[in-house]
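**Q** Modelling step: build the complete structure from the supplied sequences, incorporating the hints.
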Amino acid sequence: MHELSLMQDTVIIATKQAREAGAHHIHRIMMRVGALSGAVPETLEFAFDIVAKGTMAEGATLEIERVPVRCYCPACAQEFEPTDLVCECTGCGRPSVDIQRGRELHLTSLEVS
Amino acid sequence: MCKDCGCGLPGDVAIDGVRVGGETSRLAEPRAPGASARPDDHGHVHPHTHDHEHTHDHGHEHEHPHDHEHPHDHEHDHPHAHVHESPHTLSVEQRILDKNDRLAERNRGYFHAKGLYVLNVLASPGAGKTAFIERTAADLGQRVRLGVIVGDLATENDAVRLRGRGIPAIQITTGSVCHLDAEMVSRAMERLDLNALQVLVIENVGNLVCPAVYDLGENARVVLLSVTEGEDKPLKYPVMFRSAQVVVINKMDIAGAVGFDRETALRNVRRAAPEATIFEVSAKTGHGMDAWYRYLDEAVR
Chain A
0 MHELSLMQDT
10 VIIATKQARE
20 AGAHHIHRIM
30 MRVGALSGAV
40 PETLEFAFDI
50 VAKGTMAEGA
60 TLEIERVPVR
70 CYCPACAQEF
80 EPTDLVCECT
90 GCGRPSVDIQ
100 RGRELHLTSL
110 EVS
Chain B
0 MCKDCGCGLP
10 GDVAIDGVRV
20 GGETSRLAEP
30 RAPGASARPD
40 DHGHVHPHTH
50 DHEHTHDHGH
60 EHEHPHDHEH
70 PHDHEHDHPH
80 AHVHESPHTL
90 SVEQRILDKN
100 DRLAERNRGY
110 FHAKGLYVLN
120 VLASPGAGKT
130 AFIERTAADL
140 GQRVRLGVIV
150 GDLATENDAV
160 RLRGRGIPAI
170 QITTGSVCHL
180 DAEMVSRAME
190 RLDLNALQVL
200 VIENVGNLVC
210 PAVYDLGENA
220 RVVLLSVTEG
230 EDKPLKYPVM
240 FRSAQVVVIN
250 KMDIAGAVGF
260 DRETALRNVR
270 RAAPEATIFE
280 VSAKTGHGMD
290 AWYRYLDEAV
300 R
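Residue numbers (numbering that gives the first Met the number 0), protein chains in the order written: chain A, 0 to 112; chain B, 0 to 300.
The reader is advised that the hints may include incorrect statements.
Partial chain A-side listing against chain B, Cβ under 8 Å, derived [to be verified]:
#1 Q16
#2 T42
#3 T82
Here are a few chain B residues that sit away from chain A, every Cβ distance over 12 Å (derived from the structure) [unchecked claim]:
#4 P86
#5 R144
#6 P167
#7 M239
#8 A271
#9 P273
#10 H286
#11 G287
#12 Y292
#13 Y294
#14 A298
#15 R300
DEER-style ranges, computed between Cβ atoms [what the hints assert, rightly or not]:
#16 B:H87 <-> A:E64: 14 to 22 Å
#17 A:E41 <-> B:Y294: 38 to 46 Å
#18 A:M0 <-> B:P86: 42 to 50 Å
#19 B:P273 <-> A:G58: 39 to 47 Å
These aren't lab readings, by the way, just hints derived from the structure by calculation.
Quick caveat, the model's predicted, so the values are computed rather than measured.
All residues carry an ideal CB built from backbone N, CA and C; glycine is no exception.
**A** Structure, rendered in structure tokens:
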């Protein structure tokens with residue numbers, strides 16, 4: 000469950016940013032998580048409660064924006080959203096190696112005071 | 000344990016049985032020009048407060064010039080008087096794996112400077128990673144000198160096994176951590192005589208999920224799949240297989256006995272890892288290993 004490590008890093012980044020902005024509390028953490036990021040949003044949420052304890056993010060709400068996979072097929076010259084994570088073109092069936100979106104694992108913003 | 004976040008990392012991580020934490024990796028100092036600071040020696044960032052005067056406003060994002068290490072650990076009251084009372088939004092836009100990826104790039108630069116070719120070997124537990132590495136090292140002998148960093152949750156069995164075959168090997172035991180990260184590798188490699196090697200093999204923790212997202216600074220990822228695991232494994236773990244430059248199907252010597260459907264397996268590997276080079280081998284008998292050695296020879300050159 001590497002989500003624990005990932006959330007640990009998220010909380011470290013969040014508390015650093017919040018402190019640098021002169022804040023004392025983090026009320027909300029907003030993340031963007033792609034379907035191909037290798038992280039499971041539900042597990043991130045579970046891990047967050049554990050790692051936030053005792054930090055200025057304790058009790059904060061975690062909001063995760065899920066990003067579906069989007070690929071490009073050079074043969075069809077079009078972008079497509081694959082039906083699964085194998086990323087085969089919905090037009091011609093060829094596997095795509097050009098992943099345009101879906102690998103995101105970002106801390107996007109914080110609500111602080 | 001970390002006093003700021005209470006996380007406990009990396010208290011359980013040990014290299015050849017020595018717990019990590021008291022020393023600084025040689026890659027941590029000096030910093031690369033323009034690189035962000037590594038504020039402490041145990042793997043994650045600690046924010047610090049400081050009491051000197053700032054003349055700039057704090058209502059906007061800015062580059063913080065004070066990223067040097069602070070040797071003291073007492074708390075200062077932050078002198079800024081303009082603390083925001085009502086909740087407001089801070090835009091951050093930071094990649095969570097940014098720190099690991101920066102360290103991985105540093106590893107990569109270091110490996111490159113040493114003229115080392117580095118493989119990250121990944122598979123489920125029991126797929127035959129250690130046997131595959133052992134066979135490769137033994138067959139290549141002095142032609143291509145190979146060293147190993149091996150990661151497991153516990154025991155030094157794999158490093159002992161490899162050293163028993165005359166292969167330089169360092170064991171990382173991760174405790175409860177399910178993957179290797181770039182920092183663990185940078186610490187472990189200090190204990191290998193890299194100048195004596197041409198290839199460094201990093202045998203990752205047996206796991207097809209978590210290690211997929213951690214760049215270690217390798218040149219190529221080798222994902223192993225054994226014939227006993229089922230032909231649909233690449234479709235079940237697409238993130239891992241997609242990241243592979245090489246996919247090795249191991250234990251081909253028992254393919255018949257376990258009813259392995261070779262065509263289906265190859266099709267699934269190509270679907271999940273369309274750019275990977277595929278080798279079908281038996282690390283036990285040596286079947287198919289020559290093609291892998293030719294690939295490796297070419298890559299090292």
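**Q** Each hint: holds or not?
**A** How the hints compare with the structure:
1. Q16: holds (5 Å)
2. T42: This hint is violated: T42 (chain A) lies away from chain B, its Cβ roughly 10 Å from the closest one there, beyond 8 Å.
3. T82: Result: violated, 12 Å to nearest chain B Cβ.
4. P86: violated (4 Å)
5. R144: At about 32 Å from chain A, R144 (chain B) clears the 12 Å cut-off, so the statement holds.
6. P167: holds (28 Å)
7. M239: M239 (chain B) not clear of chain A: closest Cβ-Cβ about 8 Å, inside 12 Å.
8. A271: Violated, since 6 Å does not exceed 12 Å.
9. P273: Answer for P273 (chain B): violated, closest chain A Cβ roughly 4 Å.
10. H286: holds (28 Å)
11. G287: Correct as stated: the minimum Cβ-Cβ distance to chain A is 24 Å, above 12 Å.
12. Y292: holds (27 Å)
13. Y294: holds (20 Å)
14. A298: holds (20 Å)
15. R300: Holds, since 25 Å exceeds 12 Å.
16. B:H87 <-> A:E64: 14 to 22 Å: Since the Cβ atoms of H87 (chain B) and E64 (chain A) sit about 20 Å apart, the hinted range of 14 to 22 Å holds.
17. A:E41 <-> B:Y294: 38 to 46 Å: Because 39 Å falls inside the window, the suggested range holds.
18. A:M0 <-> B:P86: 42 to 50 Å: violated (31 Å)
19. B:P273 <-> A:G58: 39 to 47 Å: holds (45 Å)
Taken one by one, the earlier hints fail for this structure at numbers 2, 3, 4, 7, 8, 9 and 18, listed in ascending order.
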